[in-house]
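Participant: Please work from the sequences and hints to get the whole structure.
Position 177 (the sequence shown) corresponds to 1084 in the numbering used here; numbering is contiguous.
For the record, the hints were derived by calculation from the structure and aren't laboratory data. Misleading hints may appear alongside valid ones.
[What the hints assert, rightly or not] The calculated DSS-like cross-link candidates involving lysine-lysine, where the alpha carbons are at most 25 Å apart (straight line), are:
1. K912 - K1040
2. K912 - K1132
3. K1017 - K985
4. K1112 - K1138
5. K1132 - K1122
6. K961 - K1122
7. K912 - K985
8. K1112 - K1132
9. K1122 - K1138
10. K1040 - K1017
11. K1112 - K912
12. K1025 - K1040
13. K961 - K985
14. K912 - K961
15. K1025 - K985
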Amino acid sequence: MSIIKVDNVAVSFGGHNVIRDISYTVERGEILTILGANGCGKSTLLRAMLGIQKRDQGEVAYSGQTLEEFSPSELARKVAFLPQSATPPGDMTVEEWVGCGRYPYQAWWKPQSDYDRKIVQEALQNTRVWHLKDRNIQSLSGGERQRARIAMALAQEPEIIMLDEPTTYLDLSHQLEVMELLQRINRSNEVTVVMVLHDVNHAAKYSHRLLVLGKGGIYAWGAPKAILTEKLMRDVYGVEAEIADRDGSPYCYVDGLTRFSAQ
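Facilitator: Written as structure tokens, this is what we have:
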């Protein structure tokens, strides 16, 4: 059984279809990346999968259980979500912030248990921010803060982590650091990862499958080698590109805008 099933989902704003007829599955233990041009509905789809964005039609199910059958705390134990940006409180240490990931398991008036503290410590260590645990969250660099956010997600002990553009605002080295961290978590913690990215090459290198949106629907869905083509780059992104093999993954070299896009 697929861990996520999206069936015929559609979302509109003001009578305008943003996404329509979206159907696909995510298998347990894979990394699926959602790609597409700006405004195609990538983030909208992610939010619809979580019930944050109202759907006009369609169904989302996790391990055979529909989204509507989950209570908020049950869903938070199943899925951790990291939106594109979140402003942390100014008076928290990294360890305290990561500890907020235990909220699905705690009553607000109860202190953390020994088990809660153990899970938080493991999350700090797995994301390599243990040495920062006593720092104020506001003092971290962008890359450090993103690793701390991923640690907070891990502290939820989820089966699935969903991320909306996790490399946005990061320099190249920190982008790669985040991508390699997510790959390591996927492999060692057996966590399914669903994320929205802009960088086609990062998506191709680190994902088992890609879901490419175009004109409100699914343009392509499958393994990077199978679907990442020069035609896809023209149709979806409006660019001329050459696709080459690089260490077993397709790599996209962009040559320039298509004639249509340049006009």
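Participant: Each hint should be assessed against the structure and marked as holding or not.
Facilitator: Against the structure, the hints come out as follows:
Between the alpha carbons of K912 and K1040 the distance comes to roughly 37 Å, so the proposed pair goes past 25 Å and is violated. A threshold of 25 Å between alpha carbons decides the hint, and for K912 with K1132 the separation of about 23 Å falls inside it, so the pair holds. Taking the CA atoms of K1017 and K985, the gap is near 22 Å; set against the 25 Å cutoff, the hint holds. A distance of roughly 19 Å separates the Cα atoms of K1112 and K1138; the hinted pair therefore holds under the 25 Å criterion.
Restraint check for K1132 and K1122: satisfied, since their Cα atoms lie roughly 22 Å apart, inside the 25 Å limit. Proposed proximity of K961 and K1122 is supported: the alpha carbons are some 20 Å apart, at most 25 Å. Distance hint between K912 and K985 is fulfilled; the C-alpha atoms sit about 14 Å from each other, no more than 25 Å. Using a Cα cut-off of 25 Å, the hinted pair K1112 and K1132 holds, with the two alpha carbons roughly 10 Å apart.
About 15 Å separates the Cα atoms of K1122 and K1138, which keeps this hinted pair within 25 Å; it holds. For the suggested pair K1040 and K1017, the alpha carbons sit about 22 Å apart, so the restraint of at most 25 Å is met. Note on K1112 and K912: the hinted pairing holds, with a Cα-Cα distance of about 24 Å set against a maximum of 25 Å. The straight-line distance between the Cα atoms of K1025 and K1040 is roughly 14 Å, inside the 25 Å bound, and the hint therefore holds.
Simply put, K961 and K985 have alpha-carbon atoms about 20 Å apart, close enough for the 25 Å limit, and the pair holds. For a cut-off of 25 Å, the pair hint linking K912 to K961 stands: about 17 Å separates their Cα positions. Restraint check for K1025 and K985: the C-alpha separation of about 19 Å stays at or below 25 Å, so the hint holds.
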